[in-house]
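Residue numbering for the sequence shown follows the working numbering, starting at 5 and increasing by one per position.
The reader is advised that the hints may include incorrect statements.
[As the list claims (entries may be wrong)] Mimicking DSS-like on lysine-lysine, the simulated pairs with C-alpha atoms at most 30 Å apart in a straight line are:
#, residue 1, residue 2
1, K272, K844
2, K357, K722
3, K542, K523
4, K519, K696
5, K722, K272
6, K512, K717
7, K173, K118
8, K523, K717
9, K825, K875
10, K717, K867
11, K173, K183
12, K272, K118
13, K118, K183
14, K875, K949
15, K696, K875
16, K867, K696
17, K272, K177
18, K867, K722
19, K722, K962
20, K722, K542
21, K512, K272
22, K357, K177
23, K867, K844
24, K173, K542
25, K512, K523
26, K118, K177
27, K542, K825
28, K512, K357
29, K844, K825
30, K357, K962
31, K875, K844
32, K949, K844
33, K177, K542
34, K487, K523
35, K717, K696
36, K696, K487
These are calculated hints, taken from the structure and not from any lab test.
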Amino acid sequence: MYWLIVGLILIVMIGVLAVAGSIPMSLDSSLLGLTNNVSLFLFLTILSIILVIVLQFTTPSANHLESSQTSSHILPRRSTRFFCIITYTLAVMLATGLVIGSALQAISSYQQAKATEVVEPVRVQALVTIEGVSDSVYDASATSGYRQVAIISQISPLVADLSTQDLNKITDKYVIDNKNSLSNNTSTHNPAHEYSSKNATYRILLNAYPKNPSKSSLGKPSNDSQLTRLNHLKPGDQLFMSLALAPLATAEQTINNPSGFDGYRWLKARHVDGVANILATGTVTVPEVNSASVSSDNAYLHNFRTRIDQGRWYLRQHFYENWSELSVIDQQARAVTLSLLTGDRSLINRDTKDLYQLAGISHLLAISGTHILFLAIMLSACAVFLFDRLYPMMYRAVPRWQLRWGVMVGAAFVYALFTGFDVPAARTAWMLLALGLVRLTLRPISTIRVLFALAVLMAWHDPYVLWQAGYWLSFIAVALLLKYDDTSNRYTQSDTTHNVGLKNAFSKRMWGTSKRLFKLQFWLFITLLPITLLLFGKASLWGLIINLFAIGLFGWVIVPLNLLAGLCYLLSPTIADSIWTLVITIVAHLHELIIWLTSLPSLSKAWLYTPVNTAIVLMVLLSLVPWLLPRGFVSRWLALPPLTLLMMTVYANQQSPKTIPTLYILPTGDRYVSAALLQYSNGSNERASKNKNTNWLFLAHHRPTDLRTMPSKLTSDKLSEIIEQQLGSLSVDALEGIIVQSGDAGLTTTLNIDDKHTTPDIRQSEVLPMSVAQLAARIPIGQYWQAGRSDRWGSLQQAYQTINHSEGKLGVNTQPCEQGKTWQLPNGELTIQALTGWSKVGDASVWDCTIALDTSLPIQILKYDASQPLKSLPSTIQTRISNDHSTVQQIDDSSSRLILNTDTHQHVWQMWSLLCSADAFNNQNSSNTTWLGHSESQITTEILKHQGVDAIITYDEKGLEAALPLGEIGNESSQK
C-alpha cells in the first residue's frame, strides 16, 4: 500500500502540471487563496505522518499477534475486526486527502508561476542581478554563447538604443540616489524599494551569442569585446543592461525542435519566467553596500548561498586560465574535471556532451550521490581520527556514530549547495539526514520507504521538480540499487556458506565480484531502459559496455582524487594543481579510448530508438508489479505475458510497413533548410527488405540568391546528426536514395573534422553534400541525386574518405538531378521524377531540381514530432485551391501527385516555361496535386495555374504570395 500511495501522488501531480495549461483557472481562486505552497506543504507533511502512524496499526507485529492470542478473552474478536475496519477506513481517507492535497499543491505552484512569467516581448532597460554561475561562457572563436540565470528589477521600457556609457551613467545615478535615501531616512524612505515594488521582478535566462562576422561590413562596431566582459561577472554582481525580453516558448512549439528537447519544461523546472537577449551592458557594477539595502528578510541565507556560488565561480576562473593556449583534448579534459568537482558544465562543448551521450555515461558528469558520499566519508573519517587522538572524552556525551553522522550531514549539505543543490545532490543530503533520524527513533523503517517519502516531500516542496529527468533517474536508480542489494546479499550469504572450505578463496572472490558487477550493470541498464526511452526517446547501447569500466574508474580513481585536490586547494593550490594534472591526464586518455571504441565500424549501431507511448509504459508497469509486491504474494511468472506483449509491440513498431505513402517534414533548426523523408511499402524491392519500406530523403535550402538574408549557422555535422536521430526514431536504418535538390553553393560551412586529416579543397564545403557524406558513413544509401555541376563530386569523395579515415569509395551511386530523370518502384505504385534542373547551363540559378512524386494512393504529409514520432500530426494546408471543402490532408482519390519545389531564383521556372509545356508537366492520371515548397519561392501565379495545383503547403508554414490569387479563385468557384 505504501508504494501505491506514493505512485498515485506523483502521477496525480505530474498529470495536473501537464493539463494545467489547457484548463482555464482563476488566479484568485477562493480555495487556493486561503493557502500557499508553504502551508500546503506543512499540512501534507502532518497528514502523512498521521497516515504512517495509522498504518502501524494496520500491520501488526509479531509481538502484537502474540499478545492478542494470549489475551483473546479480554478483547473480543468482533471488536478487533471493528478496530481494523476503522483503521483501514481512516487510512484510505487520509490517503485520499494526500492525493487531493497533492493536486492542489501542483495547481497552486502552477498559478504562482503563471502570475510571474513574462507575457509579451518588449525591449527594456533593467538592473540585472547575477544568480549562480553561468551555464556557458562567451567565446566568439568557438561560437559559444553566454547563458546566465539572473534577476531583473528596476524595469523600464527602452525608448532608444543605449550605449555602454549611457548605462554607466544610469548606474552612477542609481548609486547616488540610493546613498542619499539611506543617509536621509533608511527606515521610512527608499526610492529604489519603492520603485521596484511598482514594477515586476523576473527571473530570466540571459542570452548573448557571437554575431556573424559579415555584420562588420555594415560599418557597425564589433560587440564581442563588450560581451566578453560577461564572463567576468560573478554571482551577486548587479549592473544595468538593455535587454530584449521575451516569454518562454510554449510546449506546442517544441514540435519544431529537431531533437525534441522540451525547452519550456526545462526552464520552468528552473523557475525561469522568461528569456532575454542582451543588447548592451554597462561596465560599472553596483557596490555591495547599495545592493544590500534592497535585500529580503532572508538576507543571511541568500548571502550565504551567494558566497558559495562565488566560490564556484572563482574555481571556474582557476580552471579557465590560459584556456586558449590549450588543445581541444586538454580543454575538454579540464572542463570535465571541473564538472565532476562542482557540477559546472559551462566549459564542456557540444562534442564532448555528445560523446558522453553516445557512450551512455552522461550521468557521470552530474554530481551524484557518489561524489557527496565520498566527501562525507572522507571528512567524517578525519573528524573521528582527530577526536580519537585529541579529545576522546567527547564520546561520553555524543556516540561515535552520531558524531560521524553529524559531520557527514553537514559536509553533504555544504557540498550539495556548492554544486548547485541539484536533485541528485539534494537527494543524497536529505537521505543522510533522514536515515540518521530514523536510527535515532529506533523504528524498523526500511531504507526504501525513506527514499519514497523523500521523493514525495521533494515533489510537494517544488512540484516542477517532476519535470526534471534527474529526479526520476536519481530516485529510480537508487530504488533499483536497494532492491538489487537486498537480493544479492541473500545470495552472497548462501554462497559463503558453501564455499568456506575452498583454497582459492581470493580468485573466487574476485570472480564473484566481477560477476556481480556485470549483473548489477546489466540489471540497471535493462530496468532503466524504459524510463530512459520515455524521457529522451533513445538509449545508447554503448552504455552497457563502457559503464563496466567507466563507473569503477570514475568512482574509485577520478572522483576521490578530484575531491582530494579540491580539499587541498583550500590549503595549498600548488599541491591541488599537481593532483588535478594527474586527473586531467586520466580523463584525456579516457576520452581518446571512448572515441576509438565508438568509432569502430563493426559497432556503429549504438543508438536504440523506440518511441514510448502510454501503452508501452503500462506494459512495463504491469511487468514490474509482481516484482514490487512481497515475495510469494503473486507468482513472478505473471510478468512474462506483459513482457512478451512489450517485445511484440516494440518489434511491430520497428518493422511495420507503410500502407500508404507518407512524407515526414523533418525540422532542421534552420528556416531556410528543409528535409523530408518519404516512406512507402517496398513491394518487391530488396534493398528495403529489412524495414519493409522504401525510404527516400530529400534535402534542399531555400535562401533566395537575389535577396540579402542571414547566413546559416547550421553545420554539416550538426545536420547529419539531427537527420540520423530522426531516421532512427522512425525505424529507418537504410535509404533507397537521397536527393539534394539545391544546386548552387549558397549554403557553406566549415567541415568539423580534425585538421590533420582535412584537405584545403573541402575545408569550406557545402552543408548538404557534406551531410550526405557523413550519413553515408553511418547508414547504407542506394542512390544519391545531386543537383548542379558534377565537379563537386570529387570533393564529396575526399570528404567521405576523411570522415571514414580510409581509402574506400563513397559507396553511393552518385547521379545528377536533372530534368527528366526518373525512378520507379517495380510495381509502378511510386514514381519519382525530376521536373527542373539544367546543370549543363553555365548559370547556377537554373540548377535547382524540383521533384514530383506520383503514387497510386493519396500521399499523407506529416509534420515530424520529435517527442512522439509515431503520432506526428498532418501538416497544415496553407492554401486550398480545389472545390473540396475538407481540411484533412488525406484525400480519398485513387492517385495523387506531390511536388517538392526548390527554387532560389526566378530563372528556374522561366527556363521551364521556355523548354516544357503544361501538358508535359501535368500527370494525366493524377486526380489531385499538392505543392510543397517554401514561402520565399520564386514561382509565379501563371505557372501554378498551368500546373493544376489543388493544395499548397510550405515548409516554414507561411503563406506563398503567388498562391493568393489562386486561393481567391478557388474560394469563388467553390461558392458558385
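Which numbered conditions among the earlier hints are violated in the structure presented, ordered from lowest to highest? 1, 4, 6, 7, 8, 9, 13, 14, 17, 21, 22, 23, 24, 26, 27, 28, 30, 31, 33, 35 and 36
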